[in-house]
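Number of protein chains: 2
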Amino acid sequence: MPIGEIFRHDTIKKIILKYKTIWALGHAMALMGWDLETYMPQDGIKDRSEAFAELEALRQRLVKDPELEKLVNEAEKDSGSLNDYERGVVRVMKRTIRIAKAIPEELIRREAKVTSEATVVWKRAKSKANFDLFKPYLEQIVEIQREKAEKLGYEEHPYDALLDLYEEGLRTRDVEKIFNELVPATKKILEAIRSMGFYPSHHPLEDREYDIDAAQQLIRDILVGFEWPWNRGRVDESAHPFTIEMGVNDIRITVRYEGRDIKRAVYSLVHEYGHALYELQVDPRLAHTPIGGGVSMGIHEGQSRFWENIVGRGPWFIKWLKERLDKHIGYTKSYDPVEIYRYVNTVRPDLIRVDADEVTYNLHIYLRFDIEKKLIEGTLHPSEVPMYWDNKIEELLGVRPRNVAEGALQDIHWSHGSIGYFPTYTLGNVVAAAMWTRMGGPDSELLRKLKLRSIRNWLKERIHQWGATYAPKELLRRSLGVELTAKYLVEYLEWKYLELPNKLNEYIA
Amino acid sequence: MPIGEIFRHDTIKKIILKYKTIWALGHAMALMGWDLETYMPQDGIKDRSEAFAELEALRQRLVKDPELEKLVNEAEKDSGSLNDYERGVVRVMKRTIRIAKAIPEELIRREAKVTSEATVVWKRAKSKANFDLFKPYLEQIVEIQREKAEKLGYEEHPYDALLDLYEEGLRTRDVEKIFNELVPATKKILEAIRSMGFYPSHHPLEDREYDIDAAQQLIRDILVGFEWPWNRGRVDESAHPFTIEMGVNDIRITVRYEGRDIKRAVYSLVHEYGHALYELQVDPRLAHTPIGGGVSMGIHEGQSRFWENIVGRGPWFIKWLKERLDKHIGYTKSYDPVEIYRYVNTVRPDLIRVDADEVTYNLHIYLRFDIEKKLIEGTLHPSEVPMYWDNKIEELLGVRPRNVAEGALQDIHWSHGSIGYFPTYTLGNVVAAAMWTRMGGPDSELLRKLKLRSIRNWLKERIHQWGATYAPKELLRRSLGVELTAKYLVEYLEWKYLELPNKLNEYIA
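Sequence order for the protein chains is A and B. Be aware that the first sequence starts at 1, since it is given in our numbering, and climbs by one per residue. Be aware that the second sequence starts at 1, since it is given in our numbering, and climbs by one per residue.
Check before you lean on any hint, since a few could be wrong.
Same chains, same label: a pair holds when it works inside one copy or across any pair of copies.
Unchecked claim - Computed cross-link-like contacts, BS3-like style, restricted to lysine-lysine with a CA-CA straight-line distance of at most 30 Å:
1) 13 x 113
2) 14 x 46
3) 13 x 64
4) 18 x 64
5) 151 x 18
6) 123 x 392
7) 18 x 94
8) 123 x 46
9) 101 x 18
10) 14 x 113
11) 46 x 460
12) 70 x 101
13) 20 x 46
14) 46 x 13
15) 319 x 503
16) 20 x 101
17) 20 x 64
18) 46 x 64
19) 20 x 151
20) 64 x 14
21) 46 x 94
22) 327 x 263
23) 18 x 70
24) 101 x 14
Keep in mind that the hints were calculated from the coordinates and are not lab data. None of these values were measured; they are calculated from a predicted model.
Could you build all of it, start to finish, from the sequences and the hints given here?
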């Protein structure tokens, strides 16, 4: 590895050399995760779980190696003579070491034990729509997360410590500011959508069944259209689509074919493609270093949402998509492009987050953020969550769960101990809209002419190539000149849902 | 893991706890190896190789952990109060630590560097049939292996040290004794086969092409017939079939479909099945411990050869196989069972080891053993290998390579640095024949009635369940009451090739 090209500082070189073992463990665990979801024989889960736990503990030990910390501190003291990449290495390592050292092994073990049981119980509780089964686990999980927040430390709000785990530097205050603007604006947009009647709440194509083989061909064709580098990546099937990165030349995505409503497979692919592209376009010279991958969940989600919603559900994508749908799925032929556009852009205030459209999605996230924040600050007790949820979702979206499976038990996240993760989804929408604005918004040539290669390069130059060189907020400031704000997202939604219907032909033609 | 059931000694428990991390690394590397051969995107090899090297170095560090060694020595001192399993743990750990400590890191790095280049050069040299390209690499590899032998130490012959790496306790003397009996006996059998004329040197079915989809169905059907546990294993495709074990509940085999001569796919499957069955039947209570897998290459190969040759190419297997061939491949229908038996039992003295039948195979191994031994003791120089090879193979089999690609460059092993590995193939045949004898030989009810489940149980009780509890020679002595000798293999070959043709109908009917 010619690390000398950009990593010149001796101490940094030593850090990178030590880090390579940590990277290799991450590589192995990424493959183990991918295999678990794709090809692993069913009973392999027992061995796999034990191996995961061992390797994660080993990784922690390597991260906490006092020699590594000494090198990092040494490099930090000489910060003035480091370049941006080298400073990035120090920043990421300090953060990684700080988190590893803050959380005692005992707490990690307790969390692993509780959450592995909780995931099983959650599944049963959801299938029986019985919150009481899950309640004692949620109580323990909240308690553990609160302890974790105390161990990690925070300046303003204990929830900040948890947010930061998923999104470096994100604070409760940032998220509140975003939702304070986004929630009322979204409600207004939803009202206008209803009164205009252009965007349907349901489209007949959603009920159409498709042939799985044909859909597999369609997915391959879309990726070929995206110039997917088959020598550096794969596409497989899994129950829940995901992207995994095992190195700059091995990035894998998965899709799911449900046999009905083809747009679901298409857009989950385009979403994962956005994640994959980020990793594919990181500067290869950063490979195997602490800054060699995407910088945060939120920036990552920004890339996937940009491709899924802004490129893929935009008017500019419709002819390109319809051509391929017509070829492989056939029954789309009798629908004109405007109908296809309406089919992929239904807006339906409803109960289930994972089925939500790009307008209502953030309201689902707001609900979860609000509950998580209150659980962590202790102003809401786990036992109160179902009732609080039902009231709040009705207030936000005008729909009320018939049972707790459609309400507080719908997501797996809490059973995994993931509290503080949900806001990164909305952050993704915020980031995607900021990129859209900087790309030119409604007037973007790249989008209007669907110059896919130029779009990729635009993203590469501004965001992807840097990997984790800059912290998320700094990256947004440097590369897009934006702060964390809902402004661009609101403008994007207003344009797409209130203005565009009247001039759609200009964009689709 | 209820290790208390069989591992009661406190020090042993501590060893097993420490070993679990080493096991987990092995699990990850096994998956990385499997993926490399099956699904990894082409350019992923760079990341994969770097990760392998890092994790292997990490594994070495963990094996050489002084605390682990202290525990092992402590347990050894208290040997009298250990049960057989616990003594097995001590034996395997002592051996693993001894090997890791003997070979200096510098030598490992040098070997890794030379062999990774050598593998590429070997491929080119073979394709150009030009030994000179490969010669300097073979010289370095032999030199490194000689150094390794000195570091490892030996009592009688430096080659012993290398043999022991692949087969615990195997000595040059053992292998010589086997071949001293086996080589002349094989030559006699070959002569008799030629004069009897029953076993063909070529069968017309070898030229028949088959449909890959149909062959995949056939392979699945054979595995279903073997009651393959799909919840604990997989079958995939790869260029070179192999078996890999990632834990007691995750064992994977691969097959290869060449489109011609269906027996090649069938018997490579049956061979790998034999390997897989060994791992599938290890006592699950030994999982994640140093004795939780097959004990050695030779015993492992014994299992695969037993299934491939003794079960699969035996007269007892023909009707079972023909039923499935007829169903999926079709053109076998016009051949009677005796013809199918002759088709799967061609005997052809020829040049290429991997294409050799069970009679001539050991002569190929003898040639390699003879050359390796001389290279290591320094009585043959790498530059002399091609000529020596050609003369020797002509003397053994009556055929002479037209070029070095058919001779000394045919195998990949030396380019990998594997010197001392080949004899385990013949050891496998020796072990398989000993098992056959103990199972009842020609009169075995289990074989004659093809009681597959009983055969599996027989193997499980005597060999498989023990994992690496007993060293190979001890296992053979305890479970089969045999020493390492070619006696049973010669008896088996004489029975099958000289006696059986006259009473084949008794066995096939």
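Verification of the hints:
| no. | hint | result |
| --- | --- | --- |
| 1 | 13 x 113 | between (38 Å within a copy, 22 Å between copies) |
| 2 | 14 x 46 | between (37 Å within a copy, 21 Å between copies) |
| 3 | 13 x 64 | both (18 Å within a copy, 26 Å between copies) |
| 4 | 18 x 64 | both (12 Å within a copy, 19 Å between copies) |
| 5 | 151 x 18 | both (26 Å within a copy, 28 Å between copies) |
| 6 | 123 x 392 | within (24 Å within a copy, 67 Å between copies) |
| 7 | 18 x 94 | both (14 Å within a copy, 29 Å between copies) |
| 8 | 123 x 46 | within (18 Å within a copy, 40 Å between copies) |
| 9 | 101 x 18 | both (18 Å within a copy, 22 Å between copies) |
| 10 | 14 x 113 | between (36 Å within a copy, 21 Å between copies) |
| 11 | 46 x 460 | between (40 Å within a copy, 22 Å between copies) |
| 12 | 70 x 101 | both (14 Å within a copy, 29 Å between copies) |
| 13 | 20 x 46 | both (28 Å within a copy, 14 Å between copies) |
| 14 | 46 x 13 | between (38 Å within a copy, 20 Å between copies) |
| 15 | 319 x 503 | within (16 Å within a copy, 73 Å between copies) |
| 16 | 20 x 101 | both (20 Å within a copy, 23 Å between copies) |
| 17 | 20 x 64 | both (14 Å within a copy, 20 Å between copies) |
| 18 | 46 x 64 | both (28 Å within a copy, 28 Å between copies) |
| 19 | 20 x 151 | both (28 Å within a copy, 29 Å between copies) |
| 20 | 64 x 14 | both (16 Å within a copy, 23 Å between copies) |
| 21 | 46 x 94 | between (34 Å within a copy, 28 Å between copies) |
| 22 | 327 x 263 | within (15 Å within a copy, 41 Å between copies) |
| 23 | 18 x 70 | both (12 Å within a copy, 27 Å between copies) |
| 24 | 101 x 14 | both (21 Å within a copy, 25 Å between copies) |
Of the numbered hints stated above, none is contradicted by the structure.
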